[in-house]
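Visitor: Note that the UniProt record's numbering gives residue 514 to position 514 of the sequence shown, counting from 1, and the numbers run on in steps of one.
None of these hints come from the bench; they were simulated from the model.
Possibly wrong hints are sitting among the right ones.
Below, computed lysine-lysine pairings styled on DSSO-like, alpha-carbon distance capped at 30 Å [stated by the list, open to error]:
no. : residue 1 : residue 2
1   : K323      : K95
2   : K284      : K325
3   : K324      : K304
4   : K95       : K284
5   : K323      : K304
6   : K324      : K284
7   : K54       : K92
8   : K411      : K343
9   : K680      : K612
10  : K120      : K157
11  : K535      : K324
12  : K214      : K284
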Amino acid sequence: MTLLYALAGLAWIFVTGMLNSVLVTSPRYQYLFELGKGALYVCLSALLIFFLLKRHEKQTAILHEAILHSQELYRIQSEVLELVASGADIRKSMKCLASGIEQLSREMLCSVLQVTEDQKHLRTLAAPSLPAEYSAAVENLPIGPEQGSCGTAAFRKETVVVSDIASDPLWTNYRDLARRHGLAACWSTPVISRDATVMGTFALYFRTPRSPDKAELELTEFANHTARVAMEHDRTRRLLARSEEDYRNLIENAPLGIYRSSRSAERLLFVNDAMVRLLGYDSKEEVLALRIRDELYVDPAARKRAYDSLKGNTVADLELEWKKKTGPPITMRAVTRQLVTEKGEQIVEVVCEDLSQRRALENRTEQANRLEALGRLAAGVAHDFNNVLMIVQAYSDLLKERFAGDASAEKHVTQIQGAVDRAAKLTAQLLAFGRGHARTEAATDINAVILESVENWRRVLGPQIQFELQLHPEALFCGLSRAEAEQILLNMMLNTRDAMPDGGKVTLKTDLVIADETAKRLRITISDTGVGIPKEVLPHIFDPFYTTKQKGKGSGLGLASVYGIVQQHDGEISVTSEPTHGTTFEILLNVVAGVGEGAASAQASQERLSTKVLVVDDEAGVREGVADWLRRRGDEVYTAASAEDAIVLLNNGVLVDVMVTDFLMPGMNGLELARAVKAKHPAIATIIMTGYADEDLSEGREFLHVHKPVELPALSSLIRKAREK
Numbered sequence: 001m002t003l004l005y006a007l008a009g010l011a012w013i014f015v016t017g018m019l020n021s022v023l024v025t026s027p028r029y030q031y032l033f034e035l036g037k038g039a040l041y042v043c044l045s046a047l048l049i050f051f052l053l054k055r056h057e058k059q060t061a062i063l064h065e066a067i068l069h070s071q072e073l074y075r076i077q078s079e080v081l082e083l084v085a086s087g088a089d090i091r092k093s094m095k096c097l098a099s100g101i102e103q104l105s106r107e108m109l110c111s112v113l114q115v116t117e118d119q120k121h122l123r124t125l126a127a128p129s130l131p132a133e134y135s136a137a138v139e140n141l142p143i144g145p146e147q148g149s150c151g152t153a154a155f156r157k158e159t160v161v162v163s164d165i166a167s168d169p170l171w172t173n174y175r176d177l178a179r180r181h182g183l184a185a186c187w188s189t190p191v192i193s194r195d196a197t198v199m200g201t202f203a204l205y206f207r208t209p210r211s212p213d214k215a216e217l218e219l220t221e222f223a224n225h226t227a228r229v230a231m232e233h234d235r236t237r238r239l240l241a242r243s244e245e246d247y248r249n250l251i252e253n254a255p256l257g258i259y260r261s262s263r264s265a266e267r268l269l270f271v272n273d274a275m276v277r278l279l280g281y282d283s284k285e286e287v288l289a290l291r292i293r294d295e296l297y298v299d300p301a302a303r304k305r306a307y308d309s310l311k312g313n314t315v316a317d318l319e320l321e322w323k324k325k326t327g328p329p330i331t332m333r334a335v336t337r338q339l340v341t342e343k344g345e346q347i348v349e350v351v352c353e354d355l356s357q358r359r360a361l362e363n364r365t366e367q368a369n370r371l372e373a374l375g376r377l378a379a380g381v382a383h384d385f386n387n388v389l390m391i392v393q394a395y396s397d398l399l400k401e402r403f404a405g406d407a408s409a410e411k412h413v414t415q416i417q418g419a420v421d422r423a424a425k426l427t428a429q430l431l432a433f434g435r436g437h438a439r440t441e442a443a444t445d446i447n448a449v450i451l452e453s454v455e456n457w458r459r460v461l462g463p464q465i466q467f468e469l470q471l472h473p474e475a476l477f478c479g480l481s482r483a484e485a486e487q488i489l490l491n492m493m494l495n496t497r498d499a500m501p502d503g504g505k506v507t508l509k510t511d512l513v514i515a516d517e518t519a520k521r522l523r524i525t526i527s528d529t530g531v532g533i534p535k536e537v538l539p540h541i542f543d544p545f546y547t548t549k550q551k552g553k554g555s556g557l558g559l560a561s562v563y564g565i566v567q568q569h570d571g572e573i574s575v576t577s578e579p580t581h582g583t584t585f586e587i588l589l590n591v592v593a594g595v596g597e598g599a600a601s602a603q604a605s606q607e608r609l610s611t612k613v614l615v616v617d618d619e620a621g622v623r624e625g626v627a628d629w630l631r632r633r634g635d636e637v638y639t640a641a642s643a644e645d646a647i648v649l650l651n652n653g654v655l656v657d658v659m660v661t662d663f664l665m666p667g668m669n670g671l672e673l674a675r676a677v678k679a680k681h682p683a684i685a686t687i688i689m690t691g692y693a694d695e696d697l698s699e700g701r702e703f704l705h706v707h708k709p710v711e712l713p714a715l716s717s718l719i720r721k722a723r724e725k
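With these hints in hand, go ahead and build the complete structure from the sequences.
Guide: Below is the structure:
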């Protein structure tokens, strides 16, 4: 404008100068002409200056308004971001944004919606000026086409402008709702994250139909950007909080102990609940208050050695021995992750496992395997020894019959048979330990056995030992036979007596314990106040022939036989003891239905009938001894040294009433022979003799069983019984 004015002035001077020289000839008129020309120029200049000043004032006002508008937007954005940075709830920060935008124009009504977790709906974060009834009606607005401006914008991922709600098809489902609340126009823009995920929408409502101008679109874009920053921060915060919660739950609920420490720290920096339990404390505060070097490490110098073994940012597998709140120290496997900070400080994060329990389990497994091996050896020895005893028993019975009436000879034979009986009991204990004797099926009331045996035990224990009973008020039936129950309890009483040479107290208790949701177990607890068992002896107390008693004071088979019988009946036996503090044995047995053991029926004497018997045994002494006895009884006897020989004999036409066979023989065993004979000669009854019986024999319940060594008169009675069947 100034340039135009200058050019116009030059033109005015040039034109008026030419006119003055052409039209005005008198000097006087030339003066007046120049004076008028100057006055007119001054007036025009004044008008131009006035116009320019007004224009500048208007532009200054517009610029000032723009500056104020920008400052207000900056203030709104600053307040929103301050709320976001302070960790305020997203609803509070979005309400601040919506209220601030609405203050810029009374016509605008703002709405900020957020996508729900299922990514299918929109929920209201802020709508400060919209009617509450309207906001409630559009809560959980579906994302999709024709779902108003906001639902459609989120679906399309683009700005949606609706200038007239009353006629726009996008508002078909919400037109009446908008009309009732005086809403006529709405445009909405989706809030999209950097990873192209729709997080929500920002919308402007108006009460009259209209389209947005450029400034309003820019305002919408500004609000959208601010909302995006706030929503992304909120999403990140929620994801971080969820991740922290998951991590915290993982650490706190881990079954293994976890702690964090540093080389320079005197106390632990963090422990989880499992670590607290591992050390025997009641709270984290107790553990975190402990001095690591002096109150946790058994050997204070071990801490330095542990740190020195770590190199850089590595993971190491260490073994630590720490003190517990009470009781013996705990040995832990510590999987250690070391982090070295920029300042060179060693931070360690450690996962701990109690090795004490694992090693105790390994020791128990090792002991069980050792006892299993010893048991098999013992059972094998017992089997062979029973064959020898059977020979001695058979021929002593023959001698007793031959020298009947000779008092001196009968006395000698009685001594032999007494030795056989004692040896048989010894092998029975070996078989019990090795689980090599046949398992009995019984239902014995353990309380009844105890009450009937208590007077005998008092005599065994002697007057210097007090005896206390704590019996369960109801009958407790287990699968032991009465003889097995008496053997177990007597052996335990003898063991407690030997542990208290100077007197003391024995407590015998029975009760029921819950094994699982459907089963109970009978528990027998025997406690004494004796000398206790040394730690190095405990692993061997169930070993056969292991004893700490003086020579001649015990065989070392008492506890071994108890162990074998309990194991055979799927039970458990455990022991806890400390030197000078006594010993407690705990036996767990399965509870069975209380039917009791039937009383043995008296065998009526019957007229002696001659029987045809086949004796099968690979041991010649047993075979011939039994055969001689039966022949002297008037029986017709055939013999075979193996199962195969017996089958050949029977197939060649030899007819017998009863077959007496050993179980364990080379080749086909006695049970297999019995089944083969039954299949071809069903009329022949079979008796199986054994000095050892495993699980295969327990299946042959259709045959009679007898255990070596057996007295020959008893065998004769069994043969008659088999024939009668």
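Visitor: Checked against the structure, which of the hints given earlier come out wrong?
Guide: Hint check: 1, 4, 7, 8 and 12 fail, others pass.
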